[in-house]
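A.B. asks: Each residue of the sequence shown is one higher than the last, beginning at 1 in this note's numbering.
Incorrect hints may have been included.
As the list claims (entries may be wrong) - Computed list of lysine to aspartate or glutamate pairs in DMTMM-like fashion (alpha-carbon distance at most 20 angstroms, straight line):
no.	residue 1	residue 2
1	Lys191	Glu97
2	Lys136	Glu75
3	Lys191	Asp145
Hints are computed from structural coordinates only; laboratory data are not their basis.
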Amino acid sequence: MNHRIGIATGLVLLWCARASPGLGGAAAQPASTHSCVVIADTASSHIWRSQAAACATRLAPASTFKIPHALVGLETGVVTPTTSEPWDGTAYPNQPEWQRSHTVLSALKPSVLWFFQRMAPRIGAARMHEWLTRLKYGNADTSGDVKFYWVNGTLRVSPDEQVAFLRQFFAGTLPVHGEYQHLVQEALVQKIGTVQNATGIHPLDGVWDKTTLTSKTGATRAANGQGVSWLVGQLKAEGRDYVFASAVWHDRDGVDALAGARLAARTFADRGIIRSRKR
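Construct the entire structure; sequences and hints are all you get.
C.D. replies: Written as C-alpha cells, this is what we have:
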C-alpha cells in the first residue's frame, strides 16, 4: 500500500509486542521492535530514560509535529487562532472529526491531516527548515514533498529531542510569542483518563484522577517501512509536572497507532506517577 494513502485514511497499524523489556516485568518483544520513554521532572530537572540508546534514535515525528507546525503557522501569520479552513467534503469514515471545518487549534487533538497539509505549502519548506533549526527540532529536514515530510521519514526527531523541545514549549520559552505557546498548550489538554487521536477518544489504563494530561499522539509508517507510534506532552500529577516522550517503533512493520500512548500509561503507573487500576 502506498504510505501516503495509509496515512491519509488513518490506517490503524498492527503492533505485535508489548513494552520494552527494561520497563519492569513487561513481556519480551521481537528484536526489530523498539521502545523508549523519556520523563523529565520539571521541578528537579531529573530525566529518566527507559533505554538511553533507544531514546537517542531519530524517528519520523508523525502528528507530534503538529505542535511545532501550529506554532510556526501562527508565528509566521500563515494562520491566526481563529482562521477557519473549510472541509472539502472528502469522506473520512474512520476520522469523523476530519469531516468539518477547523482552526489550527481545533485540528490538533483529532490530528486533522488535511488542515496541516494545506498550511505546509503556505509556510514553505525553506522557511520551516529555518524555524526548525531555530527551535532545535531534530534534523530540521523538510526536503521532499512539502505535504508529507513529517510523516514519510524525511524529518526525524528522537525522544530525547522531543523532550528538550517540549520542556521549552511548556515553560513558554521557545522563540515564539508566548500567547501562541499558551493557546497550543490549552488545545492539547485531554479529557481525564483518555487520549484523543484521529479515530476518536480512547481510555488509558491507570487511575488519572487529580491529573492533567496535555499531549499529542502520532503514528505513521515511513517510506522506509518503519512503523512509529508516539505520545508526547506534559503530565501534572500529585503536584508535580513531568514532560515526556513515549515511542514504539518497528523497523520493517507497522505498529498500533496507540502503542506509544499505552506504553506511556504503563510507565507512569510502573514508576508510581499515577496509580494502577485494581483488577
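A.B. asks: Confirm or reject each hint.
C.D. replies: Checked hints:
For the proposed pair Lys191 and Glu97, the alpha carbon gap of about 16 angstroms is at most 20 angstroms, so the pair holds. Of the supplied pair hints, the one linking Lys136 and Glu75 holds, its CA atoms being roughly 16 angstroms apart against a limit of 20 angstroms. In summary, the hint linking Lys191 to Asp145 is not supported, as the alpha carbons are separated by about 34 angstroms, beyond the 20 angstroms threshold.
In this structure, the one hint that does not hold is number 3.
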